[in-house]
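Protein chains: 2
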Amino acid sequence: MSTIGIIAEFNPFHNGHLHLINKCKELTGADKCIVIMSGDFVQRGAPALTDKFTRAKMALSCGADLVLELPVYYSTGSAEFFAKGAVSILDKTGAVDYLCFGSECGDIDSINAIAEILNKEPNAYKDTLAKELKKGVSFASAREKALLTVFEEDSFIKKNKLKITKTKLKEIISSPNNILAIEYVRALKTFKSKIKPFTVKREGEEYKSEVLSEIPSAAAIRSAIFDTASPKELKNMLKRSIPKGALDILLSNDTGIVSTDDFSDIMQFKLLKDAQKGFEEYVDVTQDISNKILKNLDSYESFENFCMKIKSKDITYSRISRCLIHILLDIKKENIADYVEDDYTGYIRILGQKASSKDLLSAFKKNSMLPVLNRLKDAPNVLNPLQMRLFEEGLYAGRVYNIVNTQGYENEYRLKPVIM
Amino acid sequence: MSTIGIIAEFNPFHNGHLHLINKCKELTGADKCIVIMSGDFVQRGAPALTDKFTRAKMALSCGADLVLELPVYYSTGSAEFFAKGAVSILDKTGAVDYLCFGSECGDIDSINAIAEILNKEPNAYKDTLAKELKKGVSFASAREKALLTVFEEDSFIKKNKLKITKTKLKEIISSPNNILAIEYVRALKTFKSKIKPFTVKREGEEYKSEVLSEIPSAAAIRSAIFDTASPKELKNMLKRSIPKGALDILLSNDTGIVSTDDFSDIMQFKLLKDAQKGFEEYVDVTQDISNKILKNLDSYESFENFCMKIKSKDITYSRISRCLIHILLDIKKENIADYVEDDYTGYIRILGQKASSKDLLSAFKKNSMLPVLNRLKDAPNVLNPLQMRLFEEGLYAGRVYNIVNTQGYENEYRLKPVIM
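Respectively, the protein sequence lines represent chains Z and W.
Heads up: the first sequence is residues 20 to 439, going by the working numbering.
Heads up: the second sequence is residues 20 to 439, going by the working numbering.
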């Protein structure tokens, strides 16, 4: 038996995800697929469109065999934390052979080469990066320049057998799936993991495309869901883009749909509550961002409108949105420092599984370095104190999510795991 | 010049309030009326229907000459705190001659007699109260029995010239306006105030009546506002009950209308946030109530529905609602203890005034024992640290109120005082 691992949000699941799972199983010859998926809050700093159990069901109906929850500290983290948190857990399951991901370039060698430089940080890289940042350019373009310098420096390239043209490099590191792919490979290298990275070229629409094609972007699906009034019309629009089984789950009556602005009031309340002490204790929030939030608080209108107000040339909308979600959920620098120091604290939380996945679970029992959390009431017995804290922070995030998701699950402790 | 003082909520202002102001001015021969009014949250543990500035304007358009804000710690307090906080500030202005209030009985001697017993607590009162409470009856009925015992005990009655029949006593202490009236007079006695209490018999509908008559209850008006879809129909319904000037202000386009359930999500968020530490630090919340909140939190649906779930034979809906508002606004036992010990911390915060009230303000400057807060930016200069804290807690309550009141004022510091 061999198994692929996928890091995902499935927000929501669509044909592109199905394509990735099938293609990777086929090309690697693996027969099982373990997914580690964001819970109720996703990496771009937003609540997920539907709750984590509904999204897990969608995945299980379309080729995933087991869905684990990526703890909220990683699921809402920057690309690096997101990747490291997820890869660390997949690695420690001891049950994954291939880490599979889509990328715009589809070229594992280039991704590997860039990951190598970013992890090793040769002098040419470090010097250029420092010099560029001093000029006041953004981190992204300073990094691009620094990478280029290394690729142009013969000795390092020859020694490490790296090769890439300037144009290709630029292309690679400016695409969102490539960026995540690089972080995944960096994480595998950091953890000296035996898992083999494997990428397939991303097909279909671009990341932010609004076109609802056969392989659409998740963003296009989300737009359709928020903009289409009639359920019948929506079903018709989405049936080209989402596999039937998954679509039925998504549109079934007991699935609540959540938008960022559903949190507008709660978010404003949390900002007011913390205004006196400022927001610098929360992950990603710099002094500058904290001050900007305070300065604009009196003209707060809605969550999304507030992000638009605060974003700037240097600070993206997603960054601000992620900061706000961290404030909302009390996700603190102090805590993530503990988890990082603990070699990325984790546990195996099963959101859902196929009935046929018993052998995967046996593999965990044999090889896993992490405790397996099947029934939540076992948590205090199987988790150590730091794992327990991370777990409870995830439960809290779920409760906050379900304030606005009136169709959502009430209490995770009362739920049985999803088995399909 | 003589001046009446009125303690009010004006939620919203109606003919009954107009009647009270006019009748009291007429009977006392006073020419001015100072109102101390709840801010954005009122004593039954709820947000006010409209913000405090709108309600102050309504009052100024109908006979009030000056409207002061009752700080939020008192405005949302039990009858005793509400009365003591308000009376203390009116007393310390040094500008009020008569404290005027409506009562169902309209009989100042009876109110005075009961207030005297409650403040003096003769042995017959104390003993009966203790005995009754031991039996497990409610505080209200234990107190009734204890009062009766005193009235039946000849020596005390003769010595103090008190007289009241059993039936009358029962009638008096079971009506909401009488209960508040007794607390007002108790407060005047406690503070050895020179202000003379003055009551007029309450006319029109009963406290909770839903009939929209010429002198309706505020509750009936609130029901009409929430239940009537068409603005035109609403105006027609209310014009019998609310003086024209006040009605125009209430129905004008820039006045937001707020219901308790507008706070449902924010309230649930605050309860979740504090769930781990419990709620006993907040005013009015006993260990029993805190436990009940925790026990029912998973089935929270809305603010009002949650109050219904938690209330019981012993604990009224208002009590629960008041507890929740205290939790929402961080109103803590520890803080109110500081204010009580400080002889009911206060300041003179002017919400609005008639242009003709300059002489009242001059009277404050001469006789007031409290700092006058006309422009908010002066606060740090004129208030002592405890007053400043109380003031900032009121500002915070206003900001929370305006999360849901999308038509509300944005930042109090930027507002000019209302002058009519």
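None of these hints come from the bench; they were simulated from the model.
Treat the hints loosely; a few may be bogus.
Given that identical chains are not distinguished, each listed pair holds provided it fits within a single copy or across any two copies.
DSSO-like cross-link-like pairs, simulated, lysine-lysine; straight-line CA separation at most 27 Å [said to hold, decoys possible]:
hint, residue 1, residue 2
1, K296, K352
2, K435, K311
3, K351, K254
4, K292, K396
5, K311, K220
6, K296, K177
7, K292, K435
8, K44, K263
9, K177, K42
10, K292, K352
11, K292, K311
12, K296, K396
13, K211, K150
14, K292, K314
15, K385, K296
16, K396, K311
17, K311, K251
18, K384, K332
19, K296, K351
20, K211, K258
21, K396, K314
22, K187, K208
23, K189, K373
24, K211, K292
Hint check:
1. K296 to K352: Cα proximity of K296 and K352: in one copy and across copies (15 Å, 22 Å).
2. K435 to K311: Classified as between; 26 Å across copies, 44 Å inside a copy.
3. K351 to K254: The answer is neither: 40 Å in one copy and 51 Å across copies each exceed 27 Å.
4. K292 to K396: For K292 and K396, the Cα distance is within 27 Å only across copies (21 Å; inside one copy 32 Å).
5. K311 to K220: Neither way: K311 and K220 sit 40 Å apart in one copy and 55 Å across, limit 27 Å.
6. K296 to K177: Classified as neither: same-chain Cα gap 53 Å, cross-chain 60 Å, threshold 27 Å.
7. K292 to K435: between (36 Å within a copy, 25 Å between copies)
8. K44 to K263: Classified as within; 20 Å inside a copy, 76 Å across copies.
9. K177 to K42: Intra 33 Å, inter 99 Å, cutoff 27 Å: neither.
10. K292 to K352: both (19 Å within a copy, 19 Å between copies)
11. K292 to K311: both (16 Å within a copy, 25 Å between copies)
12. K296 to K396: Only across copies: K296 and K396 sit 21 Å apart there, 36 Å inside one copy, limit 27 Å.
13. K211 to K150: Cα proximity of K211 and K150: none, with 31 Å in one copy and 75 Å across.
14. K292 to K314: Answer is both; intra-copy 15 Å and inter-copy 25 Å each pass.
15. K385 to K296: neither (48 Å within a copy, 39 Å between copies)
16. K396 to K311: The answer is between: 22 Å across copies meets 27 Å, while 42 Å in one copy does not.
17. K311 to K251: neither (43 Å within a copy, 43 Å between copies)
18. K384 to K332: So K384 and K332 fail the 27 Å test inside a copy (49 Å) and across (53 Å) alike.
19. K296 to K351: both (14 Å within a copy, 19 Å between copies)
20. K211 to K258: neither (42 Å within a copy, 78 Å between copies)
21. K396 to K314: Close across copies (17 Å), not inside one copy (44 Å); limit 27 Å.
22. K187 to K208: Answer is within; shortest intra-copy Cα gap is 23 Å, inter-copy 86 Å.
23. K189 to K373: neither (41 Å within a copy, 69 Å between copies)
24. K211 to K292: This pair counts as neither: shortest intra-copy Cα distance 43 Å, inter-copy 39 Å.
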